[in-house]
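A.B. asks: So the chains spell out like this:
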Amino acid sequence: MRVKYVLNEVLVGLWRNVTMTVAMIITMSVSLSMLGASVLLYMQVDQMKDYYYGNIQVSIFLTEDITDGQKANIDQAITGSDLVKDKTYETKEDALKRFQQLWADSPDFVNAINADSLPESYRVTLKNPEQYKDFAKVLEGMPGIRQIIDQSDILEEVFDIFNSIQLASLIVAGFMAVAALLLVGNTIQVAAYSKRREVAVMKLVGASNWFIQAPFVLEAVVAGLIGAILGFVALFIAKVVLLDNKLQALTTILTPIPTSNVMLMLPLLAGVGALVSAVTAWVTLRFYLKV
Amino acid sequence: MIQLENVTKTYPKGSRPSLDNVSVGIEKGEFVFFIGPSGSGKSTIIKLLLHEVAPTSGKVMVNQKDVTTLRSWKVPHFRRSIGCVFQDFRLLPNRTAYENVAFALEVIGKTKAVARRVVPEVLELVGLGGKEHRYPHELSGGEQQRVAVARAFVNRPLILLADEPTGNLDPDTSIEIMRLLDRINRTGTTVVMVTHDSNIVNQMRRRVIEIESGRIVRDQARGVYG
Chain A
88 MRVKYVLNEV LVGLWRNVTM TVAMIITMSV SLSMLGASVL LYMQVDQMKD
138 YYYGNIQVSI FLTEDITDGQ KANIDQAITG SDLVKDKTYE TKEDALKRFQ
188 QLWADSPDFV NAINADSLPE SYRVTLKNPE QYKDFAKVLE GMPGIRQIID
238 QSDILEEVFD IFNSIQLASL IVAGFMAVAA LLLVGNTIQV AAYSKRREVA
288 VMKLVGASNW FIQAPFVLEA VVAGLIGAIL GFVALFIAKV VLLDNKLQAL
338 TTILTPIPTS NVMLMLPLLA GVGALVSAVT AWVTLRFYLK V
Chain B
313 MIQLENVTKT YPKGSRPSLD NVSVGIEKGE FVFFIGPSGS GKSTIIKLLL
363 HEVAPTSGKV MVNQKDVTTL RSWKVPHFRR SIGCVFQDFR LLPNRTAYEN
413 VAFALEVIGK TKAVARRVVP EVLELVGLGG KEHRYPHELS GGEQQRVAVA
463 RAFVNRPLIL LADEPTGNLD PDTSIEIMRL LDRINRTGTT VVMVTHDSNI
513 VNQMRRRVIE IESGRIVRDQ ARGVYG
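Chains as they are written, first to last, in the working numbering: chain A, 88 to 378; chain B, 313 to 538.
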């Protein structure tokens, strides 16, 4: 009976102040979907790092006038370094083939280039891509080297962009969360005010504190959960519509987001939404419902 | 049953104490009037007994328990042994007489079945048989106060506190309410009533404790208003 009473109070409470409830649910869902997007992006960047760093190479471009002796020295320096996992040598012809493949869309451009205008190079895979600087030090200044290019530099820039998008969505989530919390606090205040007579009687006849507070806290929790479910639905729709259809082109850089990761957001958002609402409601009651 | 030992209560903004070194003892089954002018500190006694406020110094014992050191989470359970009625009735306007009394039972965990058994009984006792399903606005002031008394008494508390229960009622109705409180007192319930209704005090001829400026100035076994 007490459970039934509490649940009934929750429903009546949510309905009594329905505009506020809707506002609370909407801000909560926007905040939580931004949080979800941010977490997904974070997981994604992590996964992409693993994926790309595995394939990353340091390219050592050689000068036109390199002598065989210099080439042998460089070769030895690379082979001798214990940072190196794997190395290949790319001739002018190999370079041309790769160039032709890369720019297959623009035949005019490709035709204008011949093998001689492309440099020879070593392609080195490091055991740990982050040790690039140590590796470069070994080779720096050796005659016959025109340029050393580390692909991780380029990747870092890409990851920087992702990281700033992630940060931005986290900040938006934070701002929306503040708005959501204020709305929860306000809703609880209004609810406590509209039930002040009942609360006064309950206190007078000795109803336990949890019994007085539970309907208010649960009211906020239910709204938080509904917000979390809506936020999750928004995320899921965004994944299906945007990444799987409209912006599919992006997925050539972005490794695809697995559905299981998106599914993981449901318990996360529900947990965060419910917990944050409950704590806010409880703290508000401490101030407005002295028991 | 009730012991105040050297109780002083000073409110943060008050210049002089609301109660000043008050000591008084009330036995089980007594009927006691606290009288005195407005602001003399009578109502503070009710608040102390309910643990609504804590004394600045001194000890408040209710039913052999020291209220002053009562943990806040134990207060609700403590209040179940005390019934309380007020000048303004404090009924829930959107509930019938029956529902008002049943609400008090249900929120302390009693089942609907228990309520169905005891609520009609207590409403009959206060003289509201047949009016169970009226809303407060359909009842007279005296009848509303009867509902409030029924709500306070439905748990069979050891103590009934009444804070100017006749303050809003005409003299005839007041006497009816007093008869009701007297009947409840005869069941063994200790009744503590704060009032400045001289008529009633003079008719009842019960123990009278007069308070002035926070001090007890008179404590008389079969007193009058004076």
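Treat the hints as calculated values from the structure; they're not laboratory data.
Do not take every clue at face value.
Claimed, not checked - With a cut-off of at most 27 Å between alpha-carbon atoms, the simulated BS3-like pairs for lysine-lysine come out as follows: (1) B:443 to A:214; (2) A:282 to A:91; (3) B:443 to A:282; (4) B:386 to A:91; (5) B:340 to B:325; (6) B:325 to A:290; (7) A:290 to B:377; (8) A:282 to A:224; (9) A:91 to B:359; (10) B:359 to A:214.
As the list claims (entries may be wrong) - Facing chain A, according to a computed beta carbon distance under 7 Å, are these residues of chain B, among others: (11) 386; (12) 388; (13) 391; (14) 419.
Heads up, the beta-carbon is just placed ideally off N, CA and C, and yes, glycines get one too.
A.B. asks: If a hint holds in the structure, say so; if it does not, say that too.
C.D. replies: Hints, one by one, checked against the model:
Our distance criterion of 27 Å between C-alpha atoms is broken by residue 443 of chain B and residue 214 of chain A, whose separation comes to about 89 Å. Taken as a hint, the residue 282 of chain A and residue 91 of chain A pair is honoured in the structure, with Cα atoms around 18 Å apart against an allowance of 27 Å. With a CA separation close to 25 Å, the supplied pair residue 443 of chain B and residue 282 of chain A stays within the 27 Å bound. Distance restraint check for residue 386 of chain B and residue 91 of chain A: the Cα-Cα separation of roughly 25 Å lies within the 27 Å cut-off, and the hinted pair is therefore satisfied.
Only pairs whose Cα atoms come within 27 Å are accepted, and residue 340 of chain B paired with residue 325 of chain B is rejected, the gap being roughly 35 Å. Restraint check: the Cα-Cα separation between residue 325 of chain B and residue 290 of chain A comes to about 25 Å, which is no more than 27 Å; the hinted pair holds. For the suggested pair residue 290 of chain A and residue 377 of chain B, the alpha carbons sit about 19 Å apart, so the restraint of at most 27 Å is met. This hinted pair does not check out: residue 282 of chain A and residue 224 of chain A have alpha carbons roughly 74 Å apart, beyond 27 Å.
Distance restraint check for residue 91 of chain A and residue 359 of chain B: the Cα-Cα separation of roughly 33 Å exceeds the 27 Å cut-off, and the hinted pair is therefore not satisfied. For the hint linking residue 359 of chain B to residue 214 of chain A, the alpha-carbon distance of about 77 Å lies beyond 27 Å, and the restraint is violated. A hinted interface residue such as residue 386 of chain B counts as satisfied when its beta carbon comes closer than 7 Å to some beta carbon of chain A; here the least separation is about 10 Å, so the hint is violated. About 5 Å separates the beta-carbon of residue 388 of chain B from the nearest beta-carbon of chain A, less than 7 Å, and the hint is met.
Interface hint at residue 391 of chain B: satisfied, since its Cβ lies 4 Å from the closest Cβ of chain A, which is below the 7 Å cut-off. Nearest Cβ of chain A to the Cβ of residue 419 of chain B: about 4 Å, under the 7 Å cut. The hint holds.
The structure shown violates the earlier hints numbered 1, 5, 8, 9, 10, 11.
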